[in-house]
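Enquirer: Based on the provided sequences and hints, a complete structural model is requested.
Order-wise, the sequence lines are chains E and F.
Per numbering that gives the first Met the number 0, the first sequence starts with residue 0, numbered consecutively.
Per numbering that gives the first Met the number 0, the second sequence starts with residue 0, numbered consecutively.
By construction, these hints were calculated from the structure, which means they are not laboratory data.
C-beta: ideal position from N, C-alpha, C; glycine also.
Fair warning: there could be bad hints in the mix.
[As the list claims (entries may be wrong)] Derived contacts from chain F toward chain E, CB cut-off under 8 Å, selection only:
hint, residue
1, R6
2, R7
3, S11
4, A12
5, T33
6, Q35
7, P38
8, R41
9, L67
10, H69
11, F75
12, V83
13, D116
14, C122
Spelled out from the first residue to the last, the chains are:
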Amino acid sequence: MSTAYTGVALAAPVSLGYTRTSTHAAPWFVGGALEAMLRQSGLPKSAVDGLAVGSFTLAPDSVVTLTQYYGLEARFLESLPFGGASGIVALRRAARAVQCGDAEVIACIGADTNHTEGFRDLVANFSGFSVDASWPYGAAGPNLPFSLITARYIAETGATREDFGRVCVAQRANARGFPQALFGNKPLSMEQYLAARQVAGPLHLFDCVMPCAGAEGFLVMSEDRARSLGIPHARVLAADERHNAFAADDVQLRAGWNAFAPQLWERAGCGPQDMHLLQTYDDYPVISMLQMEALGFCAPGGAPEFVRSTVLTNDGGGLPHNTSGGQLSVGQAGAAGGFLGLVEAIRQITGRALGQQVPGARRAVVGGYGMINYDRGLCSAAAVLEGA
Amino acid sequence: MNLPPSRRSDVSAALADAPVDGSLRLQHCGSCGTVQYPPRERCGHCLADALIWQEISGAATLLAVSTLSHSLEPWFAERLPWQVASLRLDAGPVVFAHLAASRAQPHARLRVANARDASGAWCLVAFEGEANTFVRQLEQPGIWP
Ligand SMILES: [Zn+2]
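Expert: This is the structure we're talking about:
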């Protein structure tokens with residue numbers, strides 16, 4: 000049993016800079032997040048002594064060169080190559096550093112730019128395995144493995160296009176009013192979802208995230224510090240991560256969450272039924288459904304029935320899911336996508352939603368999932384949070 | 000002229016010379032016998048670097064099929080829809096392959112073979128029947144590649 004994250008606060012959640020493409024480089028986005036977090040917390044830059052950054056487009060810069068770029072003197076630096084699990088991994092690393100006194104205030108930031116040809120370059124060079132075994136077969140990056148996962152999921156569970164549509168349509172409704180959502184003003188009906196053009200196998204247009212530029216971030220500090228600053232903050236009831244779990248499975252219909260979820264809830268001292276909202280990593284709706292199953296909201300293979308019988312919108316009294324619209328409605332800003340759900344959860348459970356506030360939300364569980372290497376995503380993470 | 004992506008890793012260079020006759024050559028560990036894919040410089044099971052390229056059985060079970068209706072790659076975009084499959088080789092690893100057996104369903108028994116795509120770079124193809132049916136397919140323009 001690992002030590003609890005007692006005394007750690009998550010504060011100053013920020014989401015900014017979302018655009019389809021950008022001529023700014025990644026340090027502009029990271030720095031924008033840092034500036035916004037300082038403004039929100041009232042802390043001077045000199046108070047930040049730790050920086051954890053996830054970004055695919057940061058090269059030739061790194062988290063080290065960023066200290067000089069922003070004039071920071073740091074005693075804790077972390078580079079986060081975990082893609083969609085970056086936010087929760089940042090939380091875990093930073094929380095331990097704060098608990099152990101290695102740093103006092105750590106800025107955790109996921110940010111990426113998106114140049115016009117950026118997405119093709121990113122997926123073409125994503126990893127050695129992908130270069131040999133995925134990219135030559137013609138699909139745009141992760142569309143191939145996820146169309147195969149979705150096809151197999153349909154074959155095993157009987158999921159229909161309407162089931163995936165329920166996830167996407169509810170998220171689009173949740174995006175309304177969230178200022179950073181690139182599709183926040185574009186309502187999506189089930190008819191529109193079903194009429195969309197096919198992309199790869201069972202995946203159609205609205206099953207796929209839109210690559211974009213943007214930044215997400217939050218501060219990790221002691222609860223004492225957050226209280227003395229008088230800023231809203233959230234506590235970490237439990238968090239875990241697992242990489243390359245169930246490697247022998249033919250097709251990835253479960254991942255690291257399945258391995259650690261029972262212990263996660265035990266450490267958190269509560270269960271799925273105690274959550275006021277769920278944020279899943281939603282690069283494709285099938286992955287959100289795998290998280291609903293793995294995190295215990297329904298049985299394995301039970302997510303199609305779960306989404307038929309559960310209202311997933313913010314205002315429906317069911318289980319609000321991806322309350323700012325998720326990546327499917329906000330856009331996927333590279334590694335920022337691995338922070339989006341976590342940052343939104345911090346806002347919701349501290350009563351500071353920028354769009355639709357879930358009334359009375361105090362507790363949330365957040366899933367992370369990242370680094371599609373060839374046929375599956377290697378990183379899984381989850382965190383259970385409570386508003387202080 | 001548009002071609003499929005021709006870039007491959009250095010570690011897979013031996014596959015550039017694999018015969019295209021319906022057989023399958025992949026990496027095999029000289030130390031523990033594991034067959035592995037995608038190619039790498041060490042055995043993913045025992046970590047030895049004594050890796051040998053050798054012919055293995057192409058027998059495989061179809062896991063899932065994806066019919067591409069969209070591609071960022073112009074060569075594929077001109078030839079849509081395009082079928083790709085994942086398969087579990089009897090010899091061990093999961094592979095992605097161009098699917099020549101267009102009506103095959105999950106759990107179907109197929110064969111996987113080395114091939115060259117239109118760029119001349121190595122690739123894998125899944126097909127039904129024996130090696131000679133694959134060779135005959137290659138001789139018919141329009142089927143593959
Ligand atoms: Zn070996």
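Enquirer: Could you run down the list of hints and mark each one as holding or not?
Expert: Each hint, compared with the structure:
Nearest Cβ of chain E to the Cβ of F:R6: about 6 Å, under the 8 Å cut. The hint holds. Because the smallest distance between the Cβ of F:R7 and any Cβ of chain E comes to about 5 Å, under 8 Å, the interface hint for this residue holds. Hint status for F:S11: holds, given a least beta-carbon distance of 5 Å to chain E, under 8 Å. Taking 8 Å as the C-beta contact cut-off toward chain E, the hint placing F:A12 at the interface is violated, the least distance being around 11 Å.
A cut of 8 Å between beta carbons decides the hint on F:T33: the least distance to chain E is about 12 Å, and the hint is violated. Because the beta carbon of F:Q35 sits about 11 Å from the nearest beta carbon in chain E, more than 8 Å, this interface hint is broken. Hint status for F:P38 relative to chain E: holds, with the closest Cβ pair at about 6 Å, below 8 Å. Taken as an interface hint, F:R41 does not check out: its beta carbon lies about 12 Å from the nearest beta carbon of chain E, beyond 8 Å.
For F:L67, the interface hint holds, since its Cβ comes within 8 Å of a Cβ in chain E; the closest pair sits about 5 Å apart. The criterion of a C-beta within 8 Å of any C-beta in chain E is met by F:H69, whose closest approach is roughly 5 Å, and the hint holds. Taking 8 Å as the C-beta contact cut-off toward chain E, the hint placing F:F75 at the interface holds, the least distance being around 4 Å. Below 8 Å, beta-carbon pairs count as interface contacts, and F:V83 has one with chain E at about 5 Å; its hint therefore holds.
At about 6 Å, the closest approach between the beta carbon of F:D116 and any beta carbon in chain E falls short of 8 Å, and the interface hint on this residue holds. Restraint check, F:C122 versus chain E: the minimum CB separation of about 6 Å is within 8 Å; hint holds.
In terms of the numbered hints stated before, the structure departs from hints 4, 5, 6, 8, listed from lowest to highest.
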